[in-house]
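J.: Spelled out from the first residue to the last, the chains are:
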Amino acid sequence: EPEVTQTPSHQVTQMGQEVILRCVPISNHLYFYWYRQILGQKVEFLVSFYNNEISEKSEIFDDQFSVERPDGSNFTLKIRSTKLEDSAMYFCASSELEGTGGSGANVLTFGAGSRLTVL
Amino acid sequence: AQKVTQAQTEISVVEKEDVTLDCVYETRDTTYYLFWYKQPPSGELVFLIRRNSFDEQNEISGRYSWNFQKSTSSFNFTITASQVVDSAVYFCALKSGSGNTPLVFGKGTRLSVIA
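Chains as they are written, first to last, in the working numbering: chain A, 179 to 297; chain B, 799 to 913.
Certain hints may be false.
Only some residues are given here: those of chain B computed to face chain A with a beta carbon under 8 angstroms [what the hints assert, rightly or not]: (1) 800; (2) 831; (3) 838; (4) 843; (5) 848; (6) 849; (7) 889; (8) 893; (9) 900; (10) 901; (11) 902; (12) 904; (13) 906.
Listed next, the in silico DMTMM-like pairs over lysine to aspartate or glutamate satisfying Cα-Cα at most 25 angstroms (straight line) [claimed, not checked]: (14) B:801 to A:249; (15) A:220 to B:884; (16) A:220 to A:181; (17) B:905 to A:263; (18) B:801 to B:827; (19) B:836 to A:222; (20) A:220 to B:820; (21) A:235 to B:842; (22) B:801 to A:222; (23) B:836 to A:181; (24) B:801 to A:263; (25) A:235 to A:181; (26) B:801 to A:240; (27) B:836 to A:240; (28) B:905 to A:246; (29) A:235 to B:824; (30) A:256 to B:842; (31) A:261 to A:241; (32) B:836 to B:815; (33) A:261 to B:842; (34) B:905 to B:857; (35) A:220 to B:824; (36) A:235 to A:249; (37) A:261 to A:246; (38) B:868 to B:853; (39) B:801 to A:237; (40) B:905 to A:249.
No wet-lab data here; the hints were simulated from the structure.
Each residue gets a CB set at the ideal place from its N, CA and C atoms; glycine is no exception.
Isolated chain B, as found in the complex:
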């Protein structure tokens, strides 16, 4: 069974602070994909990143970075120098192996960035 745990329900930071959103996953598959989606107050789900299980390289995209550690089954997301526009709910998700398997979401972390 696939499972994604986002232990942080809500986080508040002051603008320009760095913040890390935690994600821990469970799967028995050796091939899987991990994702982060952003859900701003407007409600849509915006794709941020996909990482496959064979690629443990960390990734940086502007102020966003992701730390994938298979040894701890974690795929954490860091926002550097946070901005008010980063305020949203962030979902970590897992999609397993091949075939049309469902994308399984964590419960999300609500990030509030205060000016």
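Isolated chain A, as found in the complex:
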């Protein structure tokens, strides 16, 4: 079964450092997402990406965050200068093109997550 893969599975960093989280979405998916989950809390939307640009972003996704699709397979989330409150599990997800009507449309397939710990 196709899956979304994320690296690293766990990263520990010092406050103020830059972090890049990497994701390989499912190959025929065209929509990409980042969500985060602070420990014990709900899963929160950060950003969605389509056609090489951001299509939606939440209030959480401030200037410290950026996303990129540097090549045909990777989708990255960069946090420029990490803060303690950035400690969370970050989930990448992808979905098929909207409106295909197929069973896969709109279903987000999530990766296993990257746990970020900021000290």
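Please build the complex by placing chain B on the supplied structure of chain A, with the hints as guidance.
T.: Chain B in isolation, oriented as in the chain A frame:
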């Protein structure tokens, strides 16, 4: 605005009991999709089901069943004859209409099944 409410924070049941996880949603859209995801202790989010707003048929998949009621804006999830492996956090989520709208999650219900 989209909102998903899972009023049950934690539920504990004894193995083989049936358990229902509640989900109430809010949206102004007439076209929307409802989902349940499972998050086992290992942390990943596992898709369980998607239901669109025009299909109110209840669904059964093995020990899992879902009851979608538009009249009460609810999409409840029942596990029959629960097993220890069902222990996880279960999230209900809502995705509205067309376009690349975000999936909005509820706060989740932590289910503990005790042997």
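J.: Give a verdict on every hint.
T.: Hints and how they fare:
no., hint, verdict
1, 800, "violated (10 angstroms)"
2, 831, "holds (5 angstroms)"
3, 838, "violated (11 angstroms)"
4, 843, "holds (4 angstroms)"
5, 848, "holds (5 angstroms)"
6, 849, "violated (11 angstroms)"
7, 889, "holds (6 angstroms)"
8, 893, "holds (6 angstroms)"
9, 900, "holds (4 angstroms)"
10, 901, "holds (6 angstroms)"
11, 902, "holds (7 angstroms)"
12, 904, "holds (7 angstroms)"
13, 906, "holds (6 angstroms)"
14, B:801 to A:249, "violated (35 angstroms)"
15, A:220 to B:884, "holds (19 angstroms)"
16, A:220 to A:181, "holds (22 angstroms)"
17, B:905 to A:263, "holds (19 angstroms)"
18, B:801 to B:827, "holds (12 angstroms)"
19, B:836 to A:222, "holds (15 angstroms)"
20, A:220 to B:820, "holds (16 angstroms)"
21, A:235 to B:842, "holds (22 angstroms)"
22, B:801 to A:222, "holds (12 angstroms)"
23, B:836 to A:181, "holds (16 angstroms)"
24, B:801 to A:263, "holds (24 angstroms)"
25, A:235 to A:181, "holds (24 angstroms)"
26, B:801 to A:240, "holds (22 angstroms)"
27, B:836 to A:240, "violated (29 angstroms)"
28, B:905 to A:246, "violated (29 angstroms)"
29, A:235 to B:824, "holds (20 angstroms)"
30, A:256 to B:842, "holds (21 angstroms)"
31, A:261 to A:241, "holds (13 angstroms)"
32, B:836 to B:815, "holds (19 angstroms)"
33, A:261 to B:842, "holds (24 angstroms)"
34, B:905 to B:857, "holds (23 angstroms)"
35, A:220 to B:824, "holds (17 angstroms)"
36, A:235 to A:249, "holds (21 angstroms)"
37, A:261 to A:246, "holds (21 angstroms)"
38, B:868 to B:853, "holds (10 angstroms)"
39, B:801 to A:237, "holds (16 angstroms)"
40, B:905 to A:249, "violated (34 angstroms)"
Violated hints for the displayed structure, listed by number in ascending order: 1, 3, 6, 14, 27, 28 and 40.
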